[in-house]
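Chains C and D, in that order, give the protein sequences. Sequence positions in the first sequence follow our numbering and run 4 to 114. Sequence positions in the second sequence follow our numbering and run 4 to 116.
Be careful, since some hints might not be right.
[To be verified] Below, a list of computed lysine-lysine pairs in the DSS-like style, where the Cα atoms sit at most 27 angstroms apart:
id, chain 1, residue 1, chain 2, residue 2
1, D, Lys72, C, Lys47
2, D, Lys6, C, Lys74
3, D, Lys6, C, Lys65
4, C, Lys65, C, Lys54
5, C, Lys54, C, Lys30
Just so you know, the hints here were simulated from the structure itself, not pulled from any lab data.
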Amino acid sequence: NAGVMQNPRHLVRRRGQEARLRCSPMKGHSHVYWYRQLPEEGLKFMVYLQKENIIDESGMPKERFSAEFPKEGPSILRIQQVVRGDSAAYFCASGWGNEQFFGPGTRLTVL
Amino acid sequence: DAKTTQPTSMDCAEGRAANLPCNHSTISGNEYVYWYRQIHSQGPQYIIHGLKNNETNEMASLIITEDRKSSTLILPHATLRDTAVYYCIVRVDVKTSYDKVIFGPGTSLSVIP
Chain C
4 NAGVMQNPRH LVRRRGQEAR LRCSPMKGHS HVYWYRQLPE EGLKFMVYLQ KENIIDESGM
64 PKERFSAEFP KEGPSILRIQ QVVRGDSAAY FCASGWGNEQ FFGPGTRLTV L
Chain D
4 DAKTTQPTSM DCAEGRAANL PCNHSTISGN EYVYWYRQIH SQGPQYIIHG LKNNETNEMA
64 SLIITEDRKS STLILPHATL RDTAVYYCIV RVDVKTSYDK VIFGPGTSLS VIP
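In isolation and in its complexed conformation, chain C is listed as follows:
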């Protein structure tokens, strides 16, 4: 897990607020994956991004969720108007090919 940074590690939001989750990939990596893990469930793929491009967003909910990976700065997963069902751990991974290195995750709690 060394190298992939996620912040914040814990985030508490009230229903209707916005949540912004950040991911800085390992040095030299320009590809980022986002996964979501609901309580007591396995990880589910959400989106795959390269710098300034969304490559695969087949796992993203159709509404309220968006992701970006700008030329400069971290990748951002944005959840608008959060609901209690968004409470989960959100993991970011970077890498290429076989080696995907996962970050420590952001635990989002929606009150």
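Start from chain C and add chain D according to the hints.
Below, chain D without anything else, positioned relative to chain C:
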């Protein structure tokens, strides 16, 4: 990706070998077997992968049956820190490309003192 089936949970005594089975009867010829694990509250960690030959690294050994329909991950001397959920995944080798990892429910391994 082909589907895998794993036991929901297993126990192992500390210091003994932990043998985690995985069935992947519909695996295709170009699909590899990958293992990841997730220690509580941490991100998943890659362990090992293989095609048809047995593989070994500093973490574990992977034994794949000749017909490739099942495999076993072996942790030779389990420690308490090996307590985690272990995921068996089959996917095309993506050495030169990219691909998302599709996780199943995995096996929850408890190493007991």
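Status of the hints after comparison with the structure:
1. At roughly 24 angstroms between alpha-carbon atoms, Lys72 (chain D) and Lys47 (chain C) fall within 27 angstroms of each other, so this suggested pair holds.
2. Distance check on the hinted pair: Lys6 (chain D) and Lys74 (chain C) sit about 36 angstroms apart at the alpha-carbon level, beyond 27 angstroms; violated.
3. Taking the CA atoms of Lys6 (chain D) and Lys65 (chain C), the gap is near 26 angstroms; set against the 27 angstroms cutoff, the hint holds.
4. Note on Lys65 (chain C) and Lys54 (chain C): the hinted pairing holds, with a Cα-Cα distance of about 22 angstroms set against a maximum of 27 angstroms.
5. Pair hint Lys54 (chain C) plus Lys30 (chain C) holds up; C-alpha atoms about 13 angstroms apart against a cutoff of 27 angstroms.
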